[in-house]
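Colleague: So you can see what is in the structure, the chains are spelled out below.
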Amino acid sequence: MTVATNLTLEAPQSIWNARWNRFRRHRLAMTATIFLILLAIACAAADLIANALGVDPSAVDLFERFSPPSSKHLLGTDEIGRDVLVRLLHGGRISLMVGLLATALGGAFGVLIGVVSGFLEGRTDAFLMRFTDCVLSLPIIPLLIVLGAVDLSKLGLPQAWLNSPSVSFWRIVVVIALVDWTAIARISRAATLSVKHRDFVQAARASGATRLYNITAHILPNIATPLIVAGALTVGRVILFESTLSFLGFGVVPPTPTWGNMLTNAQELVTSAPALAIYPGVLILLTVVAVNLVGDGVRVAFDPRSDS
Amino acid sequence: MTPLLDVRDVSVRFPLGGSWFGAKQILRAVEGVSFQIAAGETLALVGESGSGKTTLGHVVSGLRSPTSGSVEFRGEAITRSGEKPIQLVFQDPFSALDPRMLVGDIVAEPLRIRGGVSTAERRDRASRILTQVGLPAESISRYPHQFSGGQRQRIAIARALISDPQLIVADEPLSALDVSVQSQVLNLIKDIQESQQIAYLFISHDLGVVNHLADRVAVLYLGRLMEIATRQDLFERPSHPYTRALLTSLPRVGRGRRLPGQGAHGEIPSPLSPPSGCVFHTRCPRAEKLCTEQVPELLPVEGRTQLAACHFRGSGP
Amino acid sequence: MIRYSLRRSLQAALVIFVMSFVLYNLIGLMPGDPIDVMLEGNPSVTPELMAQMRALYGVDQPLVVRYWRWLLAALTGDFGYSNTYFRPVLEILVPAILQTLKLMVLTLMVSIPVSLLLGSVAARRPNGWVDNIVSVLALTSISSPIFWLALVFIIVFAVKLQWLPAGGSSMAGAPLMEQLTYLVLPVLTLASFTSGQLIRYVRASMIETLNADFIRTARAKGLAEHTVVLRHGLRNAMLPVVTVIALSFGSLMSGALVVETMYGMLGMGKAVYDAIVNKDFNVALAGLLFATVVTLASSLLADLAYGWLDPRVRLE
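Chains as they are written, first to last, in the numbering used here: chain U, 1 to 308; chain R, 1 to 317; chain G, 1 to 316.
Treat the hints as calculated values from the structure; they're not laboratory data.
Glycine included, C-beta positions come from ideal geometry on N, C-alpha and C.
It is possible that part of the hints are untrue.
Said to hold, decoys possible - Short, incomplete list of chain U residues facing chain G, as computed with Cβ under 10 Å: (1) L143; (2) L147; (3) L152; (4) V288.
Sequences and hints are given; from them, build the entire structure.
Modeller: Printed below as a string of structure tokens:
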């Protein structure tokens, strides 16, 4: 070959490096990330913290009802003398886990629907998208309540399993995932459509690539960006749904504490102990704000145009 | 001897619209096209945008099945899936390379899809082929966004070459590049042409480039073949008025005169409702009543090697 | 365009039909069965009587048969009886629906002007201090659980400041002003909940519009800034905003359910919630179906309005 071009290549800076640098410069998103990490650690270490403070999270102590913040009970106690801080941390576990798991489950379903729909086009696409529109046009909270009220034994699930305490947790994960996958499905479909007609997919097809190869090797990596952003927003929404459902009594049921069901009791005590109604709500608010900010940061970090 | 590629009477029609109520319209993208390519030969396919060049390229490379007609590669029908010794080079070098893949993986992709080649060997062959197209071997560990348009087109060419194809379909590989880069990539293609026995279907609207590369030229208008001839015959003695019109519009540096005849006037008609008879008659300087009524067949021009679809083929203007 | 409207309406009707079947099944999956609920706590009920009752009400029939009967009756406006109030379902739901509509309309009357104002003010200088404040407000609004928002409003305005009643509704025939005081907190809560999303859309839509060429032309012509923003900017930014408002009916409905439960208002949401808690199957089913119809109808309207307003869609 006669052609030899003198070109100097830049150092192989990976895309991820560049993104991380952009993300780091987004101050709000960084603060939010740190907050979420600290919150997650604190929730995970709830039992250790309880031990260190010398409180038993489930102990009822009627002599210590509504006690104000002290060195033992940093945020005071509730109407039957349980430590509020430790209960909040335990509730945080549920909220964060439901947020992540329901998003993962619903997201996986949404990506499946969206990618298949966008990749196959035609009748399959029309059918799947009408289905998605259907679900999208339903009033979510009433639907969640009905789903949350469904008697699982009528579905033929084994009674032994239904009696285990984790059922109300998994049920809320599934119920929310069943309802909140539509946004991700639509986003994956749009992204798939824009990627599948790019020439690199055609080139692979011309070399004999199967559909599965194209979806896994080309489509999925290329639609990851909008999906990560949508996923972050979904986590925030799911946490709100979970707290609303638990608050209304159709989610995780007491005595397992969640931010939502801690507010159910607090509702009746607004005159005597308004603080009990403030803490869980503030935590929900801060967590969802933080998740939204992280999503925003990811969007900026993944958008190469924001480099200027 | 069987030709390498045998395209026989291929038509591609797209149904448009066609909801529950509306009547379907049919877009005739390609109508009754036949040609052959011999091993190692370069056939250029020229025509204006909308003439069906790209669709025909997709049919040849197996990306699209023809509505009717057949495409055979060394005597065997081309299927939409399965292994093919045909590779593609696209017009837009930005869309042709997956931005999420390393260049080495992009170039070696045909081997990965075909299977049976180890990762280490794929890497090795990718870096070798990249140096062949004039890029440093270290390019394999870079991402496409670190390369310019011309360099990306080299990468695309490397990907096409790696699986030792017998035919490369190149769809306007130069037209998205800067003029200065165009000539470099053109030279690269010419070098490969000379050093390796690969046949090309070279799709272009740029007759200057075609004159540089092609052995034979096929002229497409509204999905139909107007003329097919060796390069020399076509450029020196075009026998179809449309070919003459195309050549007239070609700037000729350093020559005192343009080819006799007139350029095509007016707009290219819609392929949804192509004109009756000879599809070119609405723009043809010498159209007569016969042209509006009867479709001219693609027939040999007397005393020459070329075929032309014109009632007045051969008779000068 | 007429063909398009017709097709979309047909589609929506089909969706409602399918959804009615799905909801019927879902309700059937709720704990207990209607006859049990009806005869609950009555010691004189024998198993034979139970069986008789089941046959009488058709509960022993296969699901599809029961659904079909229910559907035929529903189409004539007969949604059955409530088994908590022992009155026809519609008699319970119609006043509740009116109450909810009042809440929703008042909410939109507050949130739309507020969102348009805040959104366009923020869009005038993206990333300026006004924009930042508005963005924080909007972010807080979309990140707050609505039931907690209601709780906070009750604590602040009803318990601490004692300006407004914490819930319930006025006596019948009370003066208008008194009736309104009971609506202030619910409307405020629901408006804070819906405005966040709306503000974000208005802002994004305005920023895009204000960057368009025709706005620059208007500015270059020397038009006053407020004329540019209002006459040219807002008007063109309205198109996507109108769609979003119509599409947000579903979430407005969801929000109304929570707000009504929180403030003890006798609206649709509360009716559906109580029906589910009390296993009042017929009321729950009709209520849910109504909520679905409203959301579907509003998204259908949004689609059609978009078609009329934007000629590009019409041509498709």
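Colleague: Each hint needs a verdict: does it hold in this structure or not?
Modeller: Evaluated hints:
| no. | hint | result |
| --- | --- | --- |
| 1 | L143 | holds, 7 Å |
| 2 | L147 | holds, 7 Å |
| 3 | L152 | holds, 8 Å |
| 4 | V288 | holds, 4 Å |
Violated hints are absent here; each numbered hint is respected by the structure.
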